[in-house]
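Below are the chains, spelled out letter by letter.
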Amino acid sequence: MGVEQKLGNMGIATTTLEQAVAWSRTNAMWPMLFGLACCAIEMMSAQAAHYDMSRFGMELMRPSPRQSDLMIVAGRVSRKMAPVLRRLYDQMPEPKWVISMGDCASCGGVFNNYAIVQGVDEVVPVDVYVAGCPPRPEALIHGVLTLYEKVRGMKFAEIKK
Amino acid sequence: MPDIQEITVDDLKHLVSERAIQGETVLLNMGPQHPSTHGVLRLLLELDGEIVVNCIPDIGFLHTGVEKNMEAKTYQKAEVMADRLDYLNTVGNTLAFSLAVEKLVDLDVPPRAQTIRVILAELTRFQSHLVWLGTSALDLAAMSMFLYCFREREYILDVMEMCSGQRMMTTYIRPGGLWRDVPVEFEAAVRNILKTFPKRVDEYEALLTRNPLMLDRTYGIGKLTGEECLNFGVTGPMLRASGVKWDLRKDRPYSGYEQYDFKVPTRTEGDVYARYLVRLEEMRQSLKIVQQALDKLPMGPVRSNNHKYVPPPRSEIGVSMEALIHHFKLWTEGFEAPQGAIYSAVESPRGELGVYLESDGGPRPYRIHWRTPSFDNLQSLPLMSKGVLVADLVAIIGSVDIVLGDVDR
Amino acid sequence: MEKNLQPILGMLKKEFGGTASEYRGDVSLVIPSGKIVAACQQVQAQGFELLSALTAVDYWPEESPRFHVIYQFTSVAMNLVLTLRVPVPGINPSLPTISHLYRNANWRERELWDMFGIIFKGHPDLRRILMPADWEGHPLRKDYPLGYEEPQFTFNFEEINLRKPYAKE
Amino acid sequence: MLLEYAAIAAFILVTTLIGFIAIGLGTIFGPKHATDKKAMPYESGMNPIGPGTRRMPVRFYLIAVLFILFDIETVFFLPWALVFRQLGLFGLAEMFLFIAILLVGYFYAWKKGALEWE
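Chains as they are written, first to last, in this note's numbering: chain A, 30 to 190; chain B, 11 to 419; chain C, 9 to 177; chain D, 4 to 121.
Pulled out of the complex, with its shape left as it was, chain A reads as follows (with noise of 0.2 Å):
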């Protein structure tokens, strides 16, 4: 964080000041439009009027990296996808998380062969792991959830320069 750089932790100036920012990033939290596959239209239907993602500071899918901040991988990822997706992940402004939706995203799932990355994190570093073959959309609700309470807890001290 900036101010962090310049002031250097000042107690009660800076915890209020965390919680007022942990407050703005989490009430608009922008995802990219990111979808690989069927994890994809889970996200879809999450995003639309049933499941409302927009009640959690979802409202708009970017589809570009520069205007979002979270990056849902949705879907299996081969290995012709991974290096244009770490090349996504790099052009993403700095406050940005990754969250790894459903089972082939996180660990390759039910396709464990040449053709998958078995596992983003070997690609992008992952923030939070939603579980599911796809997961259902209140559990990737609540995956952003637990996101947020990660937001929440960052400290600026540990906030790397």
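Check each hint, because a few of them may be wrong.
[Said to hold, decoys possible] Here are the simulated PhoX-like pairs of lysine-lysine, each with C-alpha atoms no more than 20 Å apart in a straight line: (1) K233(B) - K23(B); (2) K176(C) - K114(D); (3) K298(B) - K273(B); (4) K318(B) - K298(B); (5) K255(B) - K233(B); (6) K260(B) - K273(B); (7) K35(D) - K125(A); (8) K176(C) - K41(D); (9) K318(B) - K87(B); (10) K83(B) - K150(C); (11) K125(A) - K41(D); (12) K125(A) - K40(D); (13) K129(C) - K150(C); (14) K209(B) - K306(B); (15) K176(C) - K35(D); (16) K125(A) - K176(C); (17) K273(B) - K318(B); (18) K150(C) - K43(C); (19) K179(A) - K125(A); (20) K35(D) - K184(A); (21) K260(B) - K298(B); (22) K260(B) - K83(B); (23) K83(B) - K318(B); (24) K21(C) - K11(C); (25) K396(B) - K23(B); (26) K11(C) - K22(C); (27) K205(B) - K306(B).
[As the list claims (entries may be wrong)] Chain B stretches covered by chain A per the calculated footprint, using a threshold of three residues with CB under 8 Å from any CB of chain A: (28) 85-98; (29) 157-165; (30) 176-188; (31) 261-274; (32) 363-371; (33) 410-418.
What the hints contain is simulated information worked out from the structure, not anything from laboratory work.
The structure displayed is predicted, hence computed values, not measured ones.
Heads up, the beta-carbon is just placed ideally off N, CA and C, and yes, glycines get one too.
Given the coordinates of chain A, assemble chains B, C and D onto it according to the supplied hints.
This is chains B, C and D only, laid out in the frame that chain A set:
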């Protein structure tokens, strides 16, 4: 982790026009991560301003090696992967796999199971057309259509979950019948769908069919004639929108489809608008089939009693010795299919979904090839997109209704 | 076997000398690899407009005809289905292309080159289609390993954790 | 008289202030990790082919100019809309004349095919 390979113009020079080599036209990636490619399809576009001079599709970004993986699994375990191929037509995939295995081992299926299979397959066709209608209307800026379609889709997913416990990847259809009988509330839920959905389809029709915006964006765009379709191996709604009346449910019926009377909608223009009309009419016909199948649902067993291939019901295991032996053998080693090679095809929402299954007498398929419709339907995209605007290309991709799990396998 | 498939089959057998066989109602004709393009032209002339499937089978330990390339034709007008099988040797397997007759053979042949290593002479743009461009080996061959990696459960969590290439930030 | 101008000045001041605050907070507090990969142009995850800047077809410029032209026309509606009740019939006729002139330009552009893409 290898980096992305650098592609220069000269190693594509046999594909692009010479104006690209002189740098007059722009080579642009409508790449794997793009909102309107309906999945991880990469189109290398050669653009002259907004006009698409050349479109070179590049697929394989979702290649899961299903055919190789299925060779390493027994027939029961391999079916689980069949669901994930065309993830919008999950019941259709397991139906294609089960019909292929039943044809190979010559297994009978009780009539009740066949009727329930038809009901679930037609509901899946309806749900797949809903996702197509929602996403391709969203590409044409009809945002609310996406929300309406996914609202209806929840009802169908509830029925699937009621039967099998899983919303999408049900694996409910097994070689020899079904996993178990449908629950009691099944009939009421499907009746409710049959009561409300025709009105919903009329709502979509009212919103889009005579909408001047939709007409400007879809009428006369992406034309394909019947001969071109057949030459490209295009099947399904795209072929029927070009005037060729070829529907596997009608012409090569399977699983009891010959007992139902339904119309196969065809148009002659063969453009994006004709495909929209054909798919909308197919949604109505699917409801008619479900109606007739539900009225005629016979009682009886849902699994064949040929226990060499079909696990016996749990109640019998405690009683008879053969059932225990069959059960134990089937779930540890799987059944040995006779030596031979067969090809059996079903009509998926996208076209002819065929399974070439070859067995060498062992418990595992020696070779299984999935003839998926989107693989061939996508090959006609470069022909359709010559000289159109990029915005029209988006409408054409929507009308082809590709599912990348289907294309890359 | 549908009755109006007989004359076509008889004529094809006479002209290309293949051996016909029927299994579960599917008629298939084995044709030597030299005559496949002429056979496909003849089949297309007979009214089989749709090449519904083009795939291959790898009989690995046998070396002489190691691959069987399978052409599956469908006639929409006459509602008929016919299969042609072509044995191909294992050492630098190659076949002439039929993408000028059926345009969907273009990608199908590219897939066979990518997955089995069967070269199609005369193909306009024979590149890998499903695997990355710099991939070595042809995955669907029987002697190509499945690429199975041991899944990480609780009992073997630590030792797999050591050698799992986690992504650095 | 001065009071109205003060109100407009305050309005302009507050709007620019809000703009600068929003961007300023971002630059001060936002973490900055510029990596070379992040600076590369985004082309749906692939490497762009060929130079980024090249000759653009003139039609893009044409459409941009037409847009600006008719956009400014709508800008003139806003002050007119505030006071058109006091102006009465004269204001209405004046505005219709203004629109008519611009419509002539619009039909000219339409017939010359500036709106079609080819």
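Hints versus structure:
For the proposed pair K233(B) and K23(B), the alpha carbon gap of about 27 Å is over 20 Å, so the pair is violated. At most 20 Å may separate the alpha-carbon atoms for a hinted pair to count; K176(C) and K114(D) exceed this at roughly 60 Å. Of the supplied pair hints, the one linking K298(B) and K273(B) holds, its CA atoms being roughly 9 Å apart against a limit of 20 Å. For a cut-off of 20 Å, the pair hint linking K318(B) to K298(B) is broken: about 37 Å separates their Cα positions.
Between K255(B) and K233(B), the direct Cα distance comes to roughly 17 Å. Compliance with the 20 Å bound is thereby established for this hinted pair. Under the criterion of a C-alpha separation no larger than 20 Å, the hint pairing K260(B) with K273(B) is consistent with the structure, at around 9 Å. With a C-alpha separation of about 12 Å, the suggested pair K35(D) and K125(A) falls inside the 20 Å cut-off, and the hint holds. The hinted pair formed by K176(C) and K41(D) meets the criterion: a straight-line CA distance of about 16 Å does not exceed 20 Å.
At most 20 Å may separate the alpha-carbon atoms for a hinted pair to count; K318(B) and K87(B) meet this at roughly 17 Å. As the CA atoms of K83(B) and K150(C) are separated by approximately 14 Å, the hinted pair is consistent with the 20 Å bound. Between K125(A) and K41(D) the alpha-carbon distance is near 13 Å, which keeps this suggested pair within the 20 Å criterion. Taken as a hint, the K125(A) and K40(D) pair is honoured in the structure, with Cα atoms around 15 Å apart against an allowance of 20 Å.
Distance hint between K129(C) and K150(C) is unfulfilled; the C-alpha atoms sit about 23 Å from each other, more than 20 Å. For the proposed pair K209(B) and K306(B), the alpha carbon gap of about 24 Å is over 20 Å, so the pair is violated. A hinted pair counts as satisfied when its Cα atoms are at most 20 Å apart, and K176(C) with K35(D) qualifies at roughly 18 Å. Between the alpha carbons of K125(A) and K176(C) the distance comes to roughly 14 Å, so the proposed pair stays at or under 20 Å and holds.
Proximity of K273(B) to K318(B) is assessed by CA-CA distance (about 39 Å); at most 20 Å being required, the pair is judged violated. Proposed proximity of K150(C) and K43(C) is contradicted: the alpha carbons are some 27 Å apart, above 20 Å. Of the pairs offered as hints, the one joining K179(A) and K125(A) holds, with about 12 Å between alpha carbons and a cut-off of 20 Å not exceeded. With a C-alpha separation of about 17 Å, the suggested pairing of K35(D) with K184(A) holds against the 20 Å cut-off.
Distance check on the hinted pair: K260(B) and K298(B) sit about 14 Å apart at the alpha-carbon level, within 20 Å; holds. Using a Cα cut-off of 20 Å, the hinted pair K260(B) and K83(B) is violated, with the two alpha carbons roughly 33 Å apart. Only pairs whose Cα atoms come within 20 Å are accepted, and K83(B) paired with K318(B) is accepted, the gap being roughly 18 Å. Distance hint between K21(C) and K11(C) is fulfilled; the C-alpha atoms sit about 16 Å from each other, no more than 20 Å.
The hinted pair formed by K396(B) and K23(B) meets the criterion: a straight-line CA distance of about 17 Å does not exceed 20 Å. Between the alpha carbons of K11(C) and K22(C) the distance comes to roughly 18 Å, so the proposed pair stays at or under 20 Å and holds. Our distance criterion of 20 Å between C-alpha atoms is met by K205(B) and K306(B), whose separation comes to about 17 Å. Using a Cβ-Cβ cut-off of 8 Å, 5 residues of the stretch 85-98 of chain B lie near chain A, which meets the minimum of three, so the contact claim holds.
Residues of the stretch 157-165 of chain B with a Cβ under 8 Å from some Cβ of chain A number 5, which satisfies the need for three, so the listed coverage holds. Counting residues of the stretch 176-188 of chain B whose beta carbon lies closer than 8 Å to any beta carbon of chain A gives 3, which reaches the threshold of three, so the coverage claim holds. For the stretch 261-274 of chain B, the stated coverage by chain A is not satisfied: 0 residues place a CB nearer than 8 Å to a CB of that chain, which falls below the threshold of 3. Only residues whose beta carbon comes within less than 8 Å of a beta carbon in chain A count, and the stretch 363-371 of chain B has 0; fewer than three means the coverage is violated.
Check result for the stretch 410-418 of chain B against chain A: holds, 3 residues qualifying (beta carbon to beta carbon below 8 Å, three or more required).
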